[in-house]
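Number of protein chains: 2
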Amino acid sequence: MSISIKSPADFHVHLRQGSICRLITPHVRKGGFDLAYVMPNLKPPIVNTEQALAYKAELERIDPDVEYLMALYLSPELTPDEIRKAKKAGIVGVKSYPRGVTTNSDGGIESYETYYPIFEVMQQVDMVLNLHGEVPSDPAANIHVLNAEPTFLPHLFKIHAAFPNLHIVLEHATTRAAVEAVKKCGPTVACSITAHHLALIVDDWAGQSWHFCKPVAKFPDDRQALRDVVKAVEGKGHPRFFLGSDSAPHPPHTKSTSSPTHACAAGVYTSPILLPLVAHLLESFGALDKLESFVSTNGRTFYKRPVEDEKGSRTVTIQRTSTRTLVDAEYALGNDRLVPFWAGKEIGWEIVHWEAYG
Amino acid sequence: MSISIKSPADFHVHLRQGSICRLITPHVRKGGFDLAYVMPNLKPPIVNTEQALAYKAELERIDPDVEYLMALYLSPELTPDEIRKAKKAGIVGVKSYPRGVTTNSDGGIESYETYYPIFEVMQQVDMVLNLHGEVPSDPAANIHVLNAEPTFLPHLFKIHAAFPNLHIVLEHATTRAAVEAVKKCGPTVACSITAHHLALIVDDWAGQSWHFCKPVAKFPDDRQALRDVVKAVEGKGHPRFFLGSDSAPHPPHTKSTSSPTHACAAGVYTSPILLPLVAHLLESFGALDKLESFVSTNGRTFYKRPVEDEKGSRTVTIQRTSTRTLVDAEYALGNDRLVPFWAGKEIGWEIVHWEAYG
Chain H
11 MSISIKSPAD
21 FHVHLRQGSI
31 CRLITPHVRK
41 GGFDLAYVMP
51 NLKPPIVNTE
61 QALAYKAELE
71 RIDPDVEYLM
81 ALYLSPELTP
91 DEIRKAKKAG
101 IVGVKSYPRG
111 VTTNSDGGIE
121 SYETYYPIFE
131 VMQQVDMVLN
141 LHGEVPSDPA
151 ANIHVLNAEP
161 TFLPHLFKIH
171 AAFPNLHIVL
181 EHATTRAAVE
191 AVKKCGPTVA
201 CSITAHHLAL
211 IVDDWAGQSW
221 HFCKPVAKFP
231 DDRQALRDVV
241 KAVEGKGHPR
251 FFLGSDSAPH
261 PPHTKSTSSP
271 THACAAGVYT
281 SPILLPLVAH
291 LLESFGALDK
301 LESFVSTNGR
311 TFYKRPVEDE
321 KGSRTVTIQR
331 TSTRTLVDAE
341 YALGNDRLVP
351 FWAGKEIGWE
361 IVHWEAYG
Chain U
11 MSISIKSPAD
21 FHVHLRQGSI
31 CRLITPHVRK
41 GGFDLAYVMP
51 NLKPPIVNTE
61 QALAYKAELE
71 RIDPDVEYLM
81 ALYLSPELTP
91 DEIRKAKKAG
101 IVGVKSYPRG
111 VTTNSDGGIE
121 SYETYYPIFE
131 VMQQVDMVLN
141 LHGEVPSDPA
151 ANIHVLNAEP
161 TFLPHLFKIH
171 AAFPNLHIVL
181 EHATTRAAVE
191 AVKKCGPTVA
201 CSITAHHLAL
211 IVDDWAGQSW
221 HFCKPVAKFP
231 DDRQALRDVV
241 KAVEGKGHPR
251 FFLGSDSAPH
261 PPHTKSTSSP
271 THACAAGVYT
281 SPILLPLVAH
291 LLESFGALDK
301 LESFVSTNGR
311 TFYKRPVEDE
321 KGSRTVTIQR
331 TSTRTLVDAE
341 YALGNDRLVP
351 FWAGKEIGWE
361 IVHWEAYG
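Going down the list, the protein sequences come from chains H and U. For the first sequence, the working numbering begins at 11 and goes up steadily by one. For the second sequence, the working numbering begins at 11 and goes up steadily by one.
FYI, nobody ran anything at the bench for these hints, they're computed from the structure. Hints may contain errors.
[Claimed, not checked] A few chain H positions that, by computed beta-carbon distances, are all more than 10 Å from chain U:
| # | residue |
| --- | --- |
| 1 | P36 |
| 2 | D44 |
| 3 | T59 |
| 4 | R71 |
| 5 | K300 |
| 6 | Y313 |
| 7 | D319 |
| 8 | T327 |
| 9 | R334 |
| 10 | A353 |
| 11 | H363 |
[What the hints assert, rightly or not] Here are some of the chain U residues that sit facing chain H, going by a computed Cβ distance under 10 Å:
| # | residue |
| --- | --- |
| 12 | D148 |
| 13 | H154 |
| 14 | V155 |
| 15 | N157 |
| 16 | Q218 |
| 17 | F229 |
| 18 | S269 |
The C-beta atom is built at its ideal place from N, Cα and C for all residues, glycine as well.
Given the sequences, and given the hints that come with them, work out the whole structure.
Structure (structure tokens):
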């Protein structure tokens, strides 16, 4: 059995910098995708048009056959003028990180009202606001990694109410509460879901740092809500929910917690196996027929990136693996290595064919 | 400032086997304790009187100055006759592990009714039932590591109702729900609390396997409930809540999660710093005046092990560290090493004096 998917698009991916960037950027296509919505949390973060275009050019030098959609990092440096400039330069969105909740988010935001003038212009010029939807942990208020996302949702409603025409994506939703919240919002609010959050629950990262990411995987009932919305009764799943892998590699020495004094880096690396992995997972809960809408058309519709562009569409064909096929154990990176999600695990699908633009 | 505590007693500790046992058994006294309630989850588990007495003799050869209270591992092998025999031999309790929830619990129980004939005899002869109060995770029923303890509590109520005179200890409670459940029960039901669960919350073990143990540390509000019950308004904290460290060392290679395919071992190792650590933690939430009741008299009263025995009482004196004092980074163990909780971290108290029996 084989399935052909038109122009898979990953609407949330970390392509990093330097040698890691050179290794993993080609993994976007290796994983079956030719569009990557690229996260701006570099060191230093991508805060203006110039930096974003330079980063995009670097990515295009590494693999020119992927369409890179760029986003700026929301910070006090950002001005309404810069938003207009960015829009003209083809930059698609602005990513908001609450302070301190994930990799390189030290410069993240603390209050959203401060940014209303920015959101106003983004709404005018039609740029997308990408929200990392967690509040920082606060033991005194009983806020922790497991309720950080539900606690964030009032911010989503408030921003949406203030800017009803602003296109907002709640990124990497992990909870039933988040799914319900996005459903309640109007057509300008969408939601990305990672592959790994369709697979993992809290038990999977308890004592297993390779499954540790932010937001952390939640409870079985939350995973069920994510699966249900992908599968949704209508023909194409729920149209405002789509794949954003949040693929985020870290070298093993930062993923291992062999040090009793340092926690490991948060992130799961799915890029090189992404389309087969999503097919495998969707099949596991009876949603394989939603594969194209989840990995391509839903997101492309929301972002106004039609499947067919001036070059036509590109088709990727996957087929069920006939023999026991294992996910690569690792990828060499100088003297270090990167380890993908599901390393060494059996996977039921593989990419067999890329059709050129036609 | 110094504080003298009469006969500190650790009512839940793992002393392991072989070379680890020889290293850590002396750490009971190093940590300020001269009574250890010893867990039976060895390989193979301690399922009868003969094994328990042999293990006790081994521990006494390593350090004869600690009183070891022994427990059997609840399993289908256990008979009413064996309970009577164990009681006569001075064995104090029987430990129940739900199947598969922690280290060496593969032989744990699945249904409690099966053991009612055992509980009946235990009630008659006055042996203590030590409950690991978690149910196994079951994604289909939305049961996971964070609600495994609250979901267990109906079993506690049911056993207590069926055997109101049976002395039961709900071990290493981690949730507000567990604290409330034990409070609701009669005077035959008590609760042990570890030192590390007074310190940690879920955020602390997210990506940090050295803080990963079973039961996992829960939410800030749960930690507050544990702290509150230790501190309780009455003079001595709540009398049915007391220290059981659940100190459980694992070698670094099993605590590190450098392997993407294997989760790390569950357990936190507090024995060698236990009394200073508990003093430090109690002081942090204003309960230093409850130190003696929490680490000695409450548990000793429940277990009928008076502070003063035929040899009198032993007193341990701790004092506030005058210079910056750090917890040992590790203890050599052949070619390996054991790493204690809070390794390298500053600690505010140290043991300065052991008074001999008098």
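Could you check the structure against the hints above and give me the numbers of any it violates, in ascending order?
-> 10
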